[in-house]
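*Asks:* Here is how the chains run, residue by residue.
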Amino acid sequence: MFYREVGQYKTSYAADQALLPILQDRIGIAVILLIAFVAVPLTASNFALDSVLIPILVLSLAATGLNLLTGYTGLLSLGTGGFMGVGAFACYKLTTFFPNVNIIFLILCSGFFAAAIGTVFGLPSLRIKGFYLAVATLAAQFFLSWCFIRIPWLYNYNISASIEVPTKTMFGLAVTGPTASSVTRYLIVLSIVAALVLMAANLMRGRIGRTWMAVRDMDLAAELIGIRLYQTKLLAFAVSSFYCGVAGAMMVFLWLGNAESESFNINQSFLILFMVIIGGLGSLLGSFLGAALIWGLPIVLRHAPDYLGLHIRSATVDQSTFVILGVLIIFFLIVEPHGLARLWQIGKQKLRVWPFPY
Amino acid sequence: MRLKYLVLGAAVAGVIGASVPASEALAKDSMLVPLFTYRTGPFANSGIPIANGMHDYLSMLNARDGGIGGVKINVQECETQYKNEKGVECYDSFKSRHPLVINPYSTGITLALIPKASVDQIPILSMAYGLSASAVGADFPWIFNPPDTYWDGMSIALKYIAQKEGGGFDKLKGKTIGFIYFDGGYGREPIPLLNDFAKEYGFNVKMYPVPPPQMQSQSGLWLGVRRDRPDWMIMWGWGAMNPTAVQEAAKTGYPLDHFIGVWWSGSEDDARPAGAGGKGYLSMNFNAVGANYPAIKDIEKYVIAKGNSQTPKDMVGENFYNRGIMNAVVIAEAIRHAQKLTGKKVIDGADMRRGLETLKISEQRWKQIGLAGFGPPIHVTCADHNGHGSVYVQQWDGKKWVKVSDWIAPVKDKVMPLLDEAAKDYVGKNQPWPKRDEPCDDKTL
Amino acid sequence: MHLLYSIFVDPFMQMGHAPDLLVQTLWDGLVSGVLYALIALGFVLIFKASGVFNFAQGIMVVFAALTLVGLNEHGVPAYVALALTVVVMLVLAVAVERAILRPLVNQPEIILFMATFGLTYVLIGLGELIFGGDPKVMISGELGLPSGSYRINMLGGYVQLQKIDIAAAIIASLMVAGLGIVFNRTRIGRALRAVADSHRAALSVGISLEQIWVVVWFAAGVVALATGIMWGARSNVSFALEIIALKALPVLILGGFTSIPGAIVGGLIIGVGEKMGEFYWGPLVGGGIESWFAYVIALVFLLFRPQGLFGERIIERL
Amino acid sequence: MTETEARAQRIGAPVLAVEEVSLTFGGVRALTEVSFDVREHEVRAIIGPNGAGKSSMLNVLNGFYQPQHGIIRFRGREFRGMKPHVAATMGIGRTFQNIALFRGMTVLDNIMVGRNLKMRGNLLQEAFWLPAARREEIEHRRAVEEIIDFLEIQHIRRTPVGQLPYGLQKRVELARALAMEPSVLLLDEPMAGMNLEEKQDMCRFVLDVNDHYGTTIVLIEHDMGVVMDISDRVVVLDYGSKIADGTPDQVRSDQAVIDAYLGVAH
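Protein chains in written order, with our numbering: chain A, 1 to 358; chain B, 1 to 445; chain C, 1 to 318; chain D, 1 to 266.
These aren't lab readings, by the way, just hints derived from the structure by calculation. A few of these clues could be false.
As the list claims (entries may be wrong) - Heads up, simulated DSSO-like pairs for lysine-lysine below, C-alpha to C-alpha not over 27 Å straight-line: (1) B/LYS340 <-> B/LYS306; (2) B/LYS171 <-> B/LYS279; (3) B/LYS429 <-> A/LYS93; (4) B/LYS400 <-> B/LYS429; (5) B/LYS206 <-> B/LYS306; (6) B/LYS313 <-> B/LYS345; (7) B/LYS399 <-> B/LYS279; (8) B/LYS399 <-> B/LYS72; (9) B/LYS175 <-> B/LYS164; (10) A/LYS129 <-> D/LYS199; (11) B/LYS313 <-> B/LYS301; (12) A/LYS93 <-> B/LYS435; (13) B/LYS95 <-> B/LYS435; (14) B/LYS424 <-> A/LYS93; (15) B/LYS412 <-> B/LYS199; (16) B/LYS340 <-> B/LYS206; (17) B/LYS164 <-> A/LYS168; (18) B/LYS279 <-> C/LYS163; (19) B/LYS171 <-> A/LYS168; (20) A/LYS168 <-> B/LYS424; (21) B/LYS95 <-> B/LYS340; (22) B/LYS429 <-> B/LYS412; (23) B/LYS403 <-> B/LYS313; (24) B/LYS279 <-> B/LYS72; (25) C/LYS163 <-> A/LYS129; (26) B/LYS279 <-> B/LYS301; (27) B/LYS424 <-> B/LYS367; (28) B/LYS399 <-> C/LYS48; (29) B/LYS435 <-> B/LYS72; (30) B/LYS171 <-> B/LYS403; (31) B/LYS301 <-> B/LYS72; (32) B/LYS95 <-> A/LYS168; (33) B/LYS206 <-> B/LYS412; (34) B/LYS414 <-> B/LYS297; (35) B/LYS313 <-> B/LYS367; (36) A/LYS10 <-> D/LYS83.
To be verified - Now the in silico label distances, taken between C-beta atoms and shown as ranges: (37) B/LYS360 <-> C/VAL87: 37 to 47 Å; (38) C/GLU109 <-> A/PHE112: 52 to 62 Å; (39) D/HIS155 <-> C/ARG200: 30 to 40 Å.
Since we're looking at a predicted model, the values are computed, not measured. Just so it is clear, CB atoms sit at the ideal spot from N, CA and C, and this is done for glycine as well.
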């Protein structure tokens, strides 16, 4: 009844090419942003910010990065954790070299280092495809993990081989480090994620997005209509790694406050891949839904017994979480192989014809 | 179709629901002691007995004495899977509920929490793990790591080796010592001290790093050991790395009585899988092994027999179970001190910090609590949050651990300068680091 | 210059100086290669017959071993436990076919791949829930597996051969031979090969896909059990093994996803390659390169032969 | 002036030629010393029985296969082997026997991809959706809409290609090729699997394209009626060799061609 596009005629191509051509979608996004930027900081508890929202946002950004590569360009990567690590360690080094530069600027810059490394490990992608490429990215993952521990320069020769986040301020307000308030960090994470996702959406509606999808759908045909496969794939690796790198830097500087090589291990890569696939390959919205589900569910399960007044051992809860998550993954794949984002679309489609479906 | 929405809706609602703060009123009649555990994942072999030991001792105090000073201890486990993100999440979920002390049980999680502790006024007890430098009380008023740092441990290992070679450190000259370690923050920590000693006393060091993914596949590394023929091997291992190393050593034909592990490489599960081949393996320890103590009998009586524990009967008295007990003793004694210091019954994190800072467990006190000779005398002060206690060496006889050395004191004059330097380094790298403004308690109890 | 020397000359000098160590390295490499090959074999079986890239193969190894030891801990005699574990693997195969493969038939391979991720989680959770998360000691003695080693004096030194490793090699060869016979001589084997060639063609001649899937998953489960016993006997049975199971991936790259001989040869190459790499070239960069060396071998190999050792050259068509 | 004469007048000098091209796949000969040329504006057909090497020929022309011998001449340049993106840049468009559309994308996006070579937008412009990117997008959208109108596929603009029936997919593929503004268009069996009506439509579109845009067309087709109807010259391949070349009438009466189609033993 309320979700109708009938009557909204576009009179120019510009209007037709808008990110959200339907009025209700625009209103929806505005409301979500309003809630995220205003209502949440005013009401949410520190636990909700620190352990739920900030992680979900950071992981969503990493998932968006992987989605650009796997979902939009069709290149399966298992090196996400490694690329996030590159971002994190690059950001750490940048803060030691340029202690007075704005930390947000440095976080964004660290993405470029990840992009460079990502491009290097994307080089085999011209010759190898599919699962073979996935194994190549696995090489990147293990090699980078090894580097993060074996190159002490990366963590400034810290005895514990870990990087600790120094306190950085902006306008007199602590932004990173233990004294930074959850709200401040949340707002910064939210702004960066919102801006970068907007950029990703822009890329996807323009030429570059189309060339990526063309390569995904049929690389040979794409080549024959003049798309340079190599450049396109490498660009996808670079942009994707940029996003992962920024996510990694945020993970350390705005979420955990500390990291070591093991924070960016193979399990991290798998986790992000789950998010992308559960959320929906080739959907930006899906990256968020996937991250929310995969990160949120264990938290819900962990706290659910308390709310329900049950006393279950925390280890048992954790073990059950594995089972439930696994079953859910299979369940979602069976009911909707295209992920949560497709469910959302189907829901919208239903809404369009509601309440008179015929 | 409908089901899909239900599930999706439930998931979304759940996430939102979880973000509602766990609004638990500050209980007036109990003290919250969270235990960070890992009963799952690749490190569970070490995590389970420790968690059980801590849990059981504190539960025993509740059951036998009605808590400490008449106040019950509210023991709550949080499963970290030995993952930093999970650990930080656990911390955040307890933060607002005023816990007395946090036991991270992971060097990585400890490192992540150190900067937060002073801000949130929650003391952190990392018992003989974590950041060695945090022993410096002037810089880390909220962090405690008794009874020993890894540098103490390394100096003791070398001292023991020197003794076996017939005397002082000068006997090490020309020897080769191999160091096999978990290639992460934890395993790399003792390296500076090892190198210092090597330089000073003229012995060679061979490094054998085990990257985390290779914990259970070390045969390549042990070929290197066979080639290099080190006279002694020292191990800083954890989790599944330990039993694999002991087995590989046995397979390679390395003499196990020349292979000595840190106190985290000394669980029964580390030596047992090697079967008869594991005989002779050495490890350092600072808590006694065995169940023949009144306090442990009380645990069996008040907790395990009542079915209030996850501990299998045969785990009681094992090394890491007792390690957990020792950790719980430190917590309990610190609570007692804090209660005496402040005169309060129900204390909070800030009081607990004072209790930890004046912690003193003498031989007599060990005896009083029914654990005579169980651990070394522990003496924490305002300046020294560690105590640098003595450690003994135990040997696996094929069935159980046997104490084979006296209590050996660490080489403090070598360790202390390193600690100060490391603390200075840490503080320098993490500017602005808060200056200590917590006053020292000079009252001795 | 010095660097070049230590890369290209010194390792070979070492090999010459201590030929016994070289033999030992090769042997150790072959032995871990056999285990990689067994994991890869499980992958290949399933991939061949159902087109599923079974990520859960590694965890199936742990799960099978855990079940065996767990049952034994609960007082079931070793051989009975072994038989029961085989039954459990059969149940697992049927469950996988019913709950995952059948509903997801005809989905793109990435979806099936993901579903096996889900299966991985379920198996980890179930394994820990039922048997606990603590690592267990493999009951190799009860199963009649040998322990101890032969020490052979040769080449001015000695080579040590673990009896359990020899047993592993023999069992692996027997299994491969057995699978070969099943594949080539029996009715079900012919059906399997038909399915591997073309699902639709197989259907059209009346082969039941469901039945075939159960058979291959069961076979992969049995292979996993054997692998789990062998690997468990070498260290212990714990979930940390899962990461090592990933080493089967470079093996598959080398050997091709559908070739059983490829899996064996690939496994041996990877095993020998990474041990040699770690032993002779690892010290140049501080050691511990085994975690990624295998993947790099596979990667370099791929750049020259994208189709793998035994794969046919791919001619792309439009 | 009749229609045929008018067409004949428009036809100019050769723009594309192959000389003695041979192609083998691991010992199997796909093409043997084939030579022919294509003139400006012409509709040139390649015919032959199954497996005669027709598609291979097209694949050589736009660089998907590299011939072992022979030369390709295009607009005065000589190539020992073409590269796909060079072919595309120089204005060789292509459709495929088994439709090679981007199935996950809408019709509009598929055709917009065809404009890729004409677009200059870089990463920054697009990420920030700067005016330059916006302008370019609209400009090319206009060109694409023209093609959409021309091929009468307005109603399926927003439909994902994978959901379209076969005939329409073929038309979208043609649209995508046209979006490249090719000077030479290679059509690989554009009418395969179509019913009579669809074939007629397609013929009309092909001729319209030839007329309206002046595009030179090289096509492979099985339907002899269609070939004889719309092409100016025909080259006949059999077992990878050229056996005839000429106007439809000449080819029709060529004995070798008749034998090849009737399957006379060599």
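*Asks:* Run every hint past the structure and note whether it holds.
*Replies:* How the hints compare with the structure:
1. B/LYS340 <-> B/LYS306: Given that 27 Å is the threshold and the Cα spacing comes to 31 Å, the pair is violated.
2. B/LYS171 <-> B/LYS279: holds (26 Å)
3. B/LYS429 <-> A/LYS93: With Cα atoms ~12 Å apart, B/LYS429 and A/LYS93 stay inside 27 Å; holds.
4. B/LYS400 <-> B/LYS429: Distance of about 45 Å is beyond 27 Å: violated.
5. B/LYS206 <-> B/LYS306: violated (51 Å)
6. B/LYS313 <-> B/LYS345: violated (34 Å)
7. B/LYS399 <-> B/LYS279: holds (8 Å)
8. B/LYS399 <-> B/LYS72: violated (38 Å)
9. B/LYS175 <-> B/LYS164: holds (13 Å)
10. A/LYS129 <-> D/LYS199: violated (37 Å)
11. B/LYS313 <-> B/LYS301: holds (12 Å)
12. A/LYS93 <-> B/LYS435: holds (25 Å)
13. B/LYS95 <-> B/LYS435: Holds. B/LYS95 to B/LYS435 sits at ~22 Å (cutoff 27 Å).
14. B/LYS424 <-> A/LYS93: Since the Cα atoms of B/LYS424 and A/LYS93 sit roughly 20 Å apart, the hinted pair holds (cutoff 27 Å).
15. B/LYS412 <-> B/LYS199: holds (18 Å)
16. B/LYS340 <-> B/LYS206: Given pair B/LYS340, B/LYS206 is violated - Cα atoms ~50 Å apart, limit 27 Å.
17. B/LYS164 <-> A/LYS168: Outside the cut-off at roughly 51 Å; violated.
18. B/LYS279 <-> C/LYS163: Measuring from Cα to Cα gives roughly 19 Å; hence the hint holds.
19. B/LYS171 <-> A/LYS168: violated (50 Å)
20. A/LYS168 <-> B/LYS424: holds (20 Å)
21. B/LYS95 <-> B/LYS340: Measuring from Cα to Cα gives roughly 25 Å; hence the hint holds.
22. B/LYS429 <-> B/LYS412: holds (25 Å)
23. B/LYS403 <-> B/LYS313: holds (23 Å)
24. B/LYS279 <-> B/LYS72: violated (43 Å)
25. C/LYS163 <-> A/LYS129: Violated: C/LYS163 and A/LYS129 sit about 41 Å apart, past 27 Å.
26. B/LYS279 <-> B/LYS301: violated (33 Å)
27. B/LYS424 <-> B/LYS367: violated (38 Å)
28. B/LYS399 <-> C/LYS48: Violated, at roughly 47 Å.
29. B/LYS435 <-> B/LYS72: Violated, because 34 Å separates the two Cα atoms, which is more than 27 Å.
30. B/LYS171 <-> B/LYS403: Answer holds: B/LYS171 to B/LYS403 is near 24 Å, not above 27 Å.
31. B/LYS301 <-> B/LYS72: holds (18 Å)
32. B/LYS95 <-> A/LYS168: Holds, because 23 Å separates the two Cα atoms, which is no more than 27 Å.
33. B/LYS206 <-> B/LYS412: holds (24 Å)
34. B/LYS414 <-> B/LYS297: violated (40 Å)
35. B/LYS313 <-> B/LYS367: holds (24 Å)
36. A/LYS10 <-> D/LYS83: violated (41 Å)
37. B/LYS360 <-> C/VAL87: 37 to 47 Å: Given about 59 Å between the Cβ atoms, the range is violated.
38. C/GLU109 <-> A/PHE112: 52 to 62 Å: violated (34 Å)
39. D/HIS155 <-> C/ARG200: 30 to 40 Å: Cβ of D/HIS155 to Cβ of C/ARG200: about 34 Å, so the range 30 to 40 Å holds.
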